[in-house]
Amino acid sequence: MADQNAPIIEDDPRQVRLNKREALIAAGSNPYGSEAIEITHLTGELAKQYAELENGASTEDRVRVAGRIMARRVQGKIAFLVLRDREGDVQLFCRINELGEESFEALKDLDVGDWLVAEGCVLRTKRGELSVAIDTWKLQSKSIRPLPEKFHGLTDKETRYRQRYVDMVMNPASKSVFVKRSRIISAIRRFMEEQGYLEVETPILQETLGGANAKPFTTHFNALDQECYLRIATELHLKRLLVGGMDRVFEIGRQFRNEGMDLTHNPEFTSMEAYCAFNDVEGMKRLSEGVFRAANAAVNSSDTITYQGQTIELGGTWRSVAMSDLVSEHVGEEVSLDTPVEHLREILDANHLEWQSDWGAGKLIFTLYDELCESEIVNPTFVCDYPVEVSPLAKRKPSDPRLTDRFELVIAGHEYANAFSELNDPVDQESRFAAQVEAKKHGDDEAMEYDADYIRALEYGMPPAGGVGYGIDRMIMLLCDQASIRDVLLFPHMRPESKQEKQGEAGDQEAAPAPAAEAAAEEAPAAAGVELSGAAAEAANTPAPQPGEKLEAGISRDAALELLKAHNQDEYHILHGLQLEGLMRYYARQFDSENEEFWGIVGMLHDLDWEEFPTEEDHTVRAAEMLAEAGVAPVVARAIQTHNSDVNAALPTPEHQMERVLCAVDELSGLINACVKLRPSHSVTDMNLKSLKKKYKTASFAAGCDREVIARGAEYMGMELSDLFTSILDAEKALVEEGNPAFE
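Mapping to the numbering used here: the sequence shown position 289 is 737, numbers consecutive.
Be aware that one or more of the hints could be misleading.
[What the hints assert, rightly or not] Taking lysine-lysine and the BS3-like style, the derived pairs with C-alpha atoms no more than 30 Å apart in a straight line are: (1) LYS1143 <-> LYS811; (2) LYS1181 <-> LYS811; (3) LYS1181 <-> LYS1143; (4) LYS888 <-> LYS1145; (5) LYS586 <-> LYS556.
Keep in mind the hints are simulated off the structure, nothing from the lab.
Please work from the sequences and hints to get the whole structure.
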């Protein structure tokens, strides 16, 4: 056991605190309280109760408060602590006369971040600060890791998301969002119960995939030796309950979709679905207005709110408009399902939008709406009359069976609800399931499976019903004016931390350096069984470049191009190398202009070995040997190796900005190229963000472009996925304007 005089390492704040902890234990004091404590007041209660207390006045009212120390200042025989609880801050006024010499001296060893309970009388200082003049205190939890220093706080987004516990301490506004989240969900529940809906729970583990078109997470149920899915929607189980006689049901719960992440999507998210017998989409409109107003009233004082600079009016009766009418308004002529397909294609061409030869009028009109109209909607709007082609689960409209009784609620350019008059004809539903099965056979891994039990349930009879689903996280973003879904999820999904990141402090911007170069000769086993040796091991153990370091590639640009052509005959591989060179040079001019040539060479040669050794295990390992034979500096091979480190664990992970950029642009540029080939212009210049996002979400499109790699690239850059898409689209358009031949 350490004694009270244990040496303190002054340059290691964590060790200083550990030594204080050991000293407390050695002195017989428990630095982690174990007794229940009755707190008399929260800080908000104190502020309200003593709002009229004059400056310089004191009371004999004793209170007991508890919280975390957020600031401390010792001045001779007086000390000031700022204590924070869930409602705010209060100052503790500490004098040696009230505390006694021993207690006052012990107080000096407290650190910012420690938790304590204190008692004393309420006063207001001459400067007007409401305070508690304490005469007793007790440490409740000794903090070992220092909080980020106050001036800079915790500003790195990835660290804020990963270490939410620190984010909420350092950023009260962040904590406030999650308090509001809880209030919003509680308000929705109360409203639904007031409307006569019964809250139910349906299975998260499901043996049949259904209720939405999405790629699922799979797992194995050992006891039954059965493959299962994490649910992607609650729809089919809730509608079974309508069959069973529960006429109004809803469920708020987690859904799981094994898809990409961006500003409005996370693989794990919260939705609410509700179903009401003997109702239809018109009833779901009124329900939706009520849900949003109840949720808004829980956190805002007005029906007029601001979201990302846009003023939105939630009051009144919301607009309902047919999809084809919105398209007609935008293109300046009447458009409907009766418009000839050839003319609709001409309208898409005029707006630089893609179409496929097998699309009918409904799909063409939907594409025009999706690409041109949705983003322009600001105030709440029910977009109605969806074509059957894009609404496989909705009832057809009796007045026009080419359309469906369906709406999507759009606010500020985003969808917030999707509602149907529910299909309850088992024969029709069975044929639609069969079509989904065929789609899955042809490569659509998001298609629904045939749910025989659901068909059996419908055959017993399901009453006509209206149904609606809401994205709760997106709703909270709107009502709390948050731009990213990660800002409303307590613990959003993140890529795994590296060892260096786990050891680092909150808010660190740079990872720890790579192992020393003298270890280059050692062999290291790779994740897929490949061992690194020779040039590959030397490159892998080369330290990452330091910020501001002048980098020498050991090869000229012309020689690098000859090397690329020597190992690649496929014109596409050469073109991809030249495109990556252009993109890397573009970003070098932003981040590291002195090393533009080096960045360009890394981009050009990043896939040097792929044509001759097209396996993930060999990729970049063989390239190191090729580069060494050509006399190229190992730091080039190291940078190239980082973009395959997800596959081969022996390879270094990206640390330098150049390495992160390479990982971010490589896979995504391939997806953009695939999109460009389908555009009528065959150019990136008229491509927009929404079109790229749609292709990204369509797993069957350019299936060789790994969406997980693209998402990790955004994380390496510390960017939201949408921001990365925009950045690279802008980069490619700029390279076209510069006349870069790789982007012609």
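A quick look at each hint next to the structure:
1. The suggested pairing of LYS1143 with LYS811 holds, with an alpha-carbon distance near 16 Å, which does not exceed 30 Å.
2. A threshold of 30 Å between alpha carbons decides the hint, and for LYS1181 with LYS811 the separation of about 29 Å falls inside it, so the pair holds.
3. Restraint check for LYS1181 and LYS1143: satisfied, since their Cα atoms lie roughly 19 Å apart, inside the 30 Å limit.
4. Using a Cα cut-off of 30 Å, the hinted pair LYS888 and LYS1145 holds, with the two alpha carbons roughly 16 Å apart.
5. Our distance criterion of 30 Å between C-alpha atoms is met by LYS586 and LYS556, whose separation comes to about 13 Å.
Every hint, counting from the list given before, is met by this structure.
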